[in-house]
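Enquirer: Counting with this note's numbering, you get residues 275 to 414 for the letters of the sequence shown.
Take the hints with a grain of salt, since some may be wrong.
Unchecked claim - If you anchor each label on the Cβ, the simulated ranges turn out as follows:
id : residue 1 : residue 2 : range
1  : R411      : Q388      : 26 to 36 Å
2  : K296      : V364      : 38 to 48 Å
3  : Q307      : G357      : 36 to 46 Å
No lab work stands behind these hints: they were computed from the structure.
Note that beta-carbon positions come from the ideal geometry of N, C-alpha and C, so glycine has one too.
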Amino acid sequence: MKRATSALSLLLLSTIALAKDKPRITIQVVDTQTSTRERNYYVPGTNAQSRTNCDSNATAIDLGGGMASANGTTTCTTTTTPGRPASTGVLYIPQANVHAVMPDGTHVTLWCQQGFRRCETLNTGSYVAEIFRLDVRPRS
Numbered sequence: 275m276k277r278a279t280s281a282l283s284l285l286l287l288s289t290i291a292l293a294k295d296k297p298r299i300t301i302q303v304v305d306t307q308t309s310t311r312e313r314n315y316y317v318p319g320t321n322a323q324s325r326t327n328c329d330s331n332a333t334a335i336d337l338g339g340g341m342a343s344a345n346g347t348t349t350c351t352t353t354t355t356p357g358r359p360a361s362t363g364v365l366y367i368p369q370a371n372v373h374a375v376m377p378d379g380t381h382v383t384l385w386c387q388q389g390f391r392r393c394e395t396l397n398t399g400s401y402v403a404e405i406f407r408l409d410v411r412p413r414s
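Work the whole structure out from these sequences, hints included.
Expert: This is the structure:
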């Protein structure tokens, strides 16, 4: 039990230590511009379709000697779904471009497009950001 408590304490201490080590930088936003990207799309047309269903009803009378007489009716109903012509449309996609200066003086544009994520515009001013490092290694 004592070893488990010690291991848990060590794990918690290392987690707390890692949480404190997130580097932070100050970014100076100088301008934000919004725009709308337009994307044309095509919707193919469809052919008209018709379907017919028939119901039949008949009565047969045995006349004897291998002969029979039948009398009946057939009722058919046709349903038609009209075709749709081909069409085109325009999709409007909001975008944001935030122009900023990094701590080393490098000018950057932070771009965001709705649909990929939720985009926010930033007012001119200073913002503190945490640095997120993504370690990408090729598979072996």
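Enquirer: Each of the hints needs a verdict: does it hold here or not?
Expert: Evaluated hints:
Take R411 and Q388: their Cβ atoms lie about 32 Å apart, and the range 26 to 36 Å holds. K296 and V364 have their C-beta atoms about 43 Å apart, which keeps the hinted 38 to 48 Å range intact. For the hinted restraint 36 to 46 Å between Q307 and G357, the CB-CB distance of approximately 44 Å keeps it satisfied.
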